[in-house]
Every structure is written in structure tokens, then in C-alpha cells.
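A.B. asks: Once you've looked at the hints, dock chains B and C against the given chain A.
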Amino acid sequence: MDAELAAMRAELSDLRAAQQKLAARLQEAEDYRDLMNLQCAYGYYVDKGMWDEAADLFAENGTLEIAGRGVYVGRERARAYLKCLPAYGHGVLFNHMQLQPVIHVDSKAGTAKARWRTFITIGWLGKEGRWGEATYENEYVRENGKWRIAKLHGVINFYAEYDKGWHKGGVPLLRSIDGLEPDLPPSFEYEAYPEPVITPFHFDEP
Amino acid sequence: MDAELAAMRAELSDLRAAQQKLAARLQEAEDYRDLMNLQCAYGYYVDKGMWDEAADLFAENGTLEIAGRGVYVGRERARAYLKCLPAYGHGVLFNHMQLQPVIHVDSKAGTAKARWRTFITIGWLGKEGRWGEATYENEYVRENGKWRIAKLHGVINFYAEYDKGWHKGGVPLLRSIDGLEPDLPPSFEYEAYPEPVITPFHFDEP
Amino acid sequence: MDAELAAMRAELSDLRAAQQKLAARLQEAEDYRDLMNLQCAYGYYVDKGMWDEAADLFAENGTLEIAGRGVYVGRERARAYLKCLPAYGHGVLFNHMQLQPVIHVDSKAGTAKARWRTFITIGWLGKEGRWGEATYENEYVRENGKWRIAKLHGVINFYAEYDKGWHKGGVPLLRSIDGLEPDLPPSFEYEAYPEPVITPFHFDEP
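Residue numbers (the UniProt record's numbering), protein chains in the order written: chain A, 1 to 206; chain B, 1 to 206; chain C, 1 to 206.
Chain A on its own, in the form it takes in the complex (with noise of 0.2 Å):
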């Protein structure tokens, strides 16, 4: 009787143990998940001129770093960072599609870093028509049992004219925004196409 107590003591014991493993394995692919729905939240918000809405992601000593400005530091200062993005209105078209993750997640720390891509269709009725894409290498962490963007890190392969096309040349990167001196300067120099470039990997391995 004692051993076989001891015996079910132990296969309890065991069946926790591997329950907490369980759920910690689970807790990772529900964060997967709340990331995708995050980032993806973020394009749509950023399409539409719905500024707070997207700068309401950020954590709040998350950074911003797009198109080689340099780097703002805080939600606040991406929140403003990003009102001064183009009003979205008649005539304009700002759609930045969200696609091609690839996600890391540390659940336990409550962080995570994950490579997107954006393919970007925009334009002024009658003035310009222009597409883009580019690469973000970005970092999130949970804030308040919440996902949130640390580090948003676009980095532009190109722009090019409609009328054009890429073959015929790039856009070069307007390296600042009207009015709104950066916190820190770029993490590092680039210019889009047609010069090559390479945004860093955050993994090694898949």
C-alpha cells in the first residue's frame, strides 16, 4: 500500500510537471498568434491615417525606425512620428500590406523578434503613384499581459515611380520628416534601390 501510494506520488507529481511544460509550449503558440494579429493590426491602422490607433501599439519606451530617419524613442514620440505620416482622404492611397513573417517567441521573457515584409501601393489622385517594399526587423514585448511593438525597424528596398517602374530607377529615401528631429541617429546608413541592401537577420536558423 505505502509503495503504492508512493508510486501514484510520483506519477502526480510527473503529470504536473510535464502539464506545466504543456502549458508553457502552449503560452508560445497563443503569443505566435497574438503577434501575427498585432503586426497585421498595425498595417491596417497605418493605411487608413489612424495614427493613435497604431502608435496605441507601441510599448511604451517602444522605438520607430522607418525609410533611414533615424530613430524615435517612446510611444509618444512615434505616436507623433507618425501623425505626421500624409492625412488619409480623398485621392490618397497609403496601404503598407503586412506579409512574410518570421516570428520568434520568448513567452518566459515576454519577448519576441520577428522579420516582415511590406509591399506598399501609394498615391495622390492627380500628383504621384508610387510603389514600395521593404523589410522590418522588429521586436515586441508583453506589457501589461499584452503584446506590444518594442522596436519597429522598416528599412526601405525601394521605391519607384508608377510611370516608371524600378528598371528605370529608384526613389532615393527622403532622410527626414518635416518638423520632427529624431531621438537617435539611423542604426545604420543605406540608401534604397538601386543600391543594394540587406536588413540584418535576427536568427540564423529558421
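Keep in mind that the hints were calculated from the coordinates and are not lab data. Just so you know, even glycine gets a beta-carbon here, dropped at the ideal spot from N, CA and C. Treat each hint with caution, since some may be false.
Going by beta-carbon spacing under 7 Å, a handful of chain A positions derived as facing chain B [as the list claims (entries may be wrong)]: (1) R33; (2) L38; (3) A41; (4) G43; (5) P86; (6) A87; (7) L93.
Facing chain B, according to a computed beta carbon distance under 8 Å, are these residues of chain A, among others [stated by the list, open to error]: (8) K21; (9) V46; (10) R175.
C.D. replies: Here is chains B and C on its own, set in the frame of chain A:
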């Protein structure tokens, strides 16, 4: 002995309850994956004029509403609508790429909602080439153990002629499909680019 | 007492069996995520001429078949094929965006199948700009604990010159790659747009 048995009974009970919670959370992770597969499969069928395969992904009472043409209620009406679309064949391109999902599942209820987008390349050799992009706000239901589309609602953001680009003008919505009156009027009235249009979000928070 | 112990033994046994089933289901959810990461990483490598990194994602006996050029059998042959592709550098754009996955995993067998698509923007400054789109029907295998590409099969739906658009004619498939004969003939013969082509589906039901 009695105290020990009582403790073990209690622990078994806790393990069982915890396991049920894990199973419920795991169901959500599986449903997320199945919903991704479902919507992506829909896109592949639509590309190639596989209208029956596409219609079969609808729930019995599923609804379809695309491009402001009104609502078609029930799988067989969705099938009738799809069969009014251009046949696939020589010279035809009808790609509706599916991407950027924000998916929320209620596995217990067997329902889900998702925001998707489609990036469109269509054309007829010698006649017409066109770009397009639309937002979906869809609903899904688990029917006979399989996820099905309960509501497909596609809102066109823009159509543009390949030869011109969106900045030279959008292609207005054709508000009806030949020979097939809708069952209900459109959910909301809108015009595509150059008019601004923001498809209402099913979520406040990703 | 004996009856109680017997009941508890039975319950422990049930919990253990149920936990193993949960673990198996969780493995499938993790495999799904890893397969997403794998294919998306492949695309990022191909964009930037990182042929060794791309080839290293193939299983030892993996096969590669793209654009009707025949089948290359084995990782080193896939590597040889990839190294025949244009070098990345100044003026080069070679984006093969990866999207729209329908993934089915057999975790127990360590195999998987997925339908993906790629939307392609390629170009050489001053020479050529081109759009393309292809369907993949791929297979994967778990090798040494990591998912690898067992079969990469990319079927071109269209290539079109940027300056013309698909409606003015598709770019025919180049049926061979300079200096590297395939190991097996193409899986099936086809021509891209304007000819219709439907890549066979690995699934009847998503």
C-alpha cells in the same frame, strides 16, 4: 492515510481541471490554423474559377457581399454569385491574393471573425489589365466539425487600370452583377478610390 | 480503500493518456508555426541572393523544380540551381514575396505539405522590370529535429513586363537554366499566362 488520499484526490481534480483548460486553449490554436487554411484555400479557388470549391467553403447560411453589390444569403446564393464571375481560361488572370489576417476565435462558441485583405491582379489578354485591393471583414462558423465562411464581406479600396495607375483615377465600382439581384441591399454605401473608405473593424484591440 | 485506489489509478491512467494526446496536438501547432517560419525565411534569402542559406533549408534529398525547368534532386543540386540565379547587387531587384499558406502537417510522421504563392518583383536597372506570380505545392520533412524543404515545386502563373502589363502579353517560360541540366524532366508540362495553368492541389478540403 485518509489525509493523503484526500490530498491526492484533490490534486487529481486540479490536474483534470487544468488539463481541460489547456485543451480549450489548444483548440483555439488549432482553430486559428484551420481558419488560416480556409481563407487561403478560398483565394486559390477564386483565382482559377473553381466556383463550386469556393462556394463549398461557405456555411449553409453563409452570406457573400463583395464590391458594394448587395448581400447574397445562403451558400447556394453565394455559389450563384461566384458563377457569374468571369470564367478562367486562356488570357485570363483573376488573382485575388489573400494576406494580412487578424483572426479572433471563440472556439467554445464555434465562431470566429477575421480581417483580411486581398491584393488583386486581373486581366484579359488584349483587353484589360487591372490592379485592385480590398479589405475583408469576415465571420466563420464551425459546422459539422469543419470551419466554414459564415460571412464574406469584401470592401474594395481601389481598382486601377494597369496602363494608368491609381493616381490617374480609380475605376468606379460596378454596383451589380449581371442577371443576379442580391437578396439584401449593401451593408453600407461607399465608393472606392479616389473616395476614402475604411472598412469597420471587428476589433478595438488586436 | 482498494476501490478508491483503483479508481485513482484509473484516473491517473486517463490523465496520462489525455496529456499525451494534448502533447501530440500541440506538436502540430508548433510544427505549423515552424513551417511558416521556414518558408518565409526561404523567401527572404532568395530575395538577396543568399543561395547557401536558401539551399541549407532543403532536406538532404530535397528536390527543387521551378518554372518548368525540370527537377533538381538533392540539396546540393538545389544549391547548384540557386547559384545559377542572378547575383544580387546594384540595380538588382529579385523579390519573391511568400504568402497565402495552406499547410497540413503530419507531426507523427514528421512530414507536411503546403500550398503557397509568391508575388514577384524583379528587375535590372536600365534593362528590365518584371512582375510575376507563382504557386508552390511544397513538401517538408523533419530531419535531425528541424523542418526542411523536401520538395519545392514552383509553377509560374505569369510573368509580365513592367512596361506592358500582363494584358499585353505574358513573358514565356525559359525552360532551362544556363549550364545546369536537370536530374529529372518536369513533373508536368505547361506554359504560363496567357495559357491557363492550375497547379494541382495537395488537398480536397482545406
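A.B. asks: Mind checking the CB of A/L93 against every CB in chain B and telling me if the closest is under 7 Å?
C.D. replies: holds, 5 Å
A.B. asks: Does the nearest C-beta of chain B fall within a distance shorter than 7 Å of the C-beta of A/A41?
C.D. replies: holds, 4 Å
A.B. asks: Per the CB criterion, is A/K21 less than 8 Å away from chain B?
C.D. replies: violated, 11 Å
A.B. asks: Identify whether the interface hint at A/R33 stands, where standing means a beta carbon of chain B within less than 7 Å of its own.
C.D. replies: holds, 5 Å
A.B. asks: For the restraint on A/L38, tell me whether the closest CB of chain B is nearer than 7 Å.
C.D. replies: OK, holds: A/L38 within 7 Å of chain B, min 5 Å.
A.B. asks: Hint validation: A/P86 versus chain B, beta carbon distance must be below 7 Å. Holds or violated?
C.D. replies: Violated. Min distance 12 Å.
A.B. asks: Mind checking the CB of A/G43 against every CB in chain B and telling me if the closest is under 7 Å?
C.D. replies: holds, 6 Å
A.B. asks: Using the nearest Cβ pair, does A/R175 come within less than 8 Å of chain B?
C.D. replies: violated, 24 Å
A.B. asks: Identify whether the interface hint at A/V46 stands, where standing means a beta carbon of chain B within less than 8 Å of its own.
C.D. replies: violated, 11 Å
A.B. asks: Does the closest beta carbon of chain B sit nearer than 7 Å to the beta carbon of A/A87?
C.D. replies: Given a least distance of 10 Å, the restraint on A/A87 is violated.
Hints 5, 6, 8, 9, 10 from the earlier list are contradicted by this structure; the remaining hints agree with it.
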